[in-house]
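*Asks:* Residues per chain are reported as follows:
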Amino acid sequence: DIQMTQSPSSVSASLGDRVTITCRASQGISSWLAWYQQKSGKAPKLLIYPASTLQSGVPSRFSGSGSGTDFTLTISCLQPEDLATYYCQQADTFPRTFGQGTKVEIK
Amino acid sequence: EVQLVESGGGLVKPGGSLRLSCAASGFTFNTFSMNWVRQAPGKGLEWVSSISRSGNSIYYADSVKGRFTISRDNAKNSVYLQMNSLRAEDTALYYCTRDGGSFRDHDPFDIWGQGTMVTVSS
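Those sequence lines, one after another, are chains D and X. For the first sequence, counting from 1, position 104 maps to 179 in this note's numbering; every step adds exactly one. For the second sequence, counting from 1, position 12 maps to 19 in this note's numbering; every step adds exactly one.
None of these hints come from the bench; they were simulated from the model. Keep in mind that this is a model prediction, so the values were computed, not measured. It cannot be assumed that every hint is accurate.
[Stated by the list, open to error] DMTMM-like mimics (lysine to aspartate or glutamate), calculated; alpha carbons at most 20 Å apart, straight line:
id, chain 1, residue 1, chain 2, residue 2
1, X, Lys83, X, Glu8
2, D, Lys178, X, Asp80
3, D, Lys120, D, Asp157
4, D, Lys117, X, Asp80
5, D, Lys178, D, Glu156
6, D, Lys117, X, Asp117
7, D, Lys114, X, Glu96
8, D, Lys120, X, Asp117
9, D, Lys114, X, Glu53
10, D, Lys120, X, Glu53
11, X, Lys72, D, Asp157
12, D, Lys117, X, Glu53
13, X, Lys50, D, Asp92
14, D, Lys120, X, Glu96
15, X, Lys50, X, Glu8
[Unchecked claim] Okay, the calculated bits of chain D under chain X, using three or more residues with CB under 8 Å as the criterion:
id, region
16, 121–134
17, 138–152
Quick reminder that beta carbons are idealized off the backbone N, C-alpha and C, glycines included.
Could you build the full structure based on these sequences and the hints that come with them?
*Replies:* Dropping the structure here:
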């Protein structure tokens with residue numbers, strides 16, 4: 076199985092800050108990497124797939140990069156509504172696997 | 008409006024069974040693969056099972072293989088998860104999700120329901 080490792084597990088940043096979350100796959104997954112945002116009490120929402128393509132309606136302050144085994148989600152200018160937990164997930168092979176999540180908090 | 012609505016969750020004793028249902032609307036159901044993803048209280052996301060458009064290809068997480076069965080009824084725009092031999096560690100919010108459909112065999116989960124809670128406890 077492909078293991079997905081996210082870091083950090085949590086980050087506290089000020090409004091307007093740049094936030095970077097990394098995700099590493101235990102083996103190459105090309106660009107088959109999704110990023111999801113989950114706000115408290117809500118279902119996850121697809122933000123980016125594959126790897127760097129923003130889904131329709133997602134603010135441009137979100138961006139994704141990487142291929143192979145190393146990926147990054149960046150929030151360029153943190154907003155109050157970005158308070159959430161972010162998950163990466165590989166769609167290269169079954170079983171589909173998620174990272175453990177990164178909780179973004181506002182300082 | 009594209010929508011997935013789960014039902015069937017509840018409290019069940021260890022060793023018991025439960026059948027989850029997911030009703031889809033707002034899209035052509037039989038052209039999308041479907042999935043179940045779960046989230047234990049306070050924990051991360053765990054993929055459970057996937058079923059192809061026709062139902063011919065099915066995948067399970069090792070943690071549920073042999074105990075859970077995914078199925079679909081394209082005439083009813085619904086996908087199901089039959090859960091047998093339930094364990095305490097199956098306690099979770101179960102989400103029904105849709106594959107994006109643009110990247111054959113490599114789709115993300117682009118639509119999520121609100122989830123149905125399954126609690127396994129004596």
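*Asks:* Check each numbered hint from earlier against the structure, then list the numbers of those it violates in ascending order.
*Replies:* 2, 4, 7, 11, 13, 14, 15 and 17
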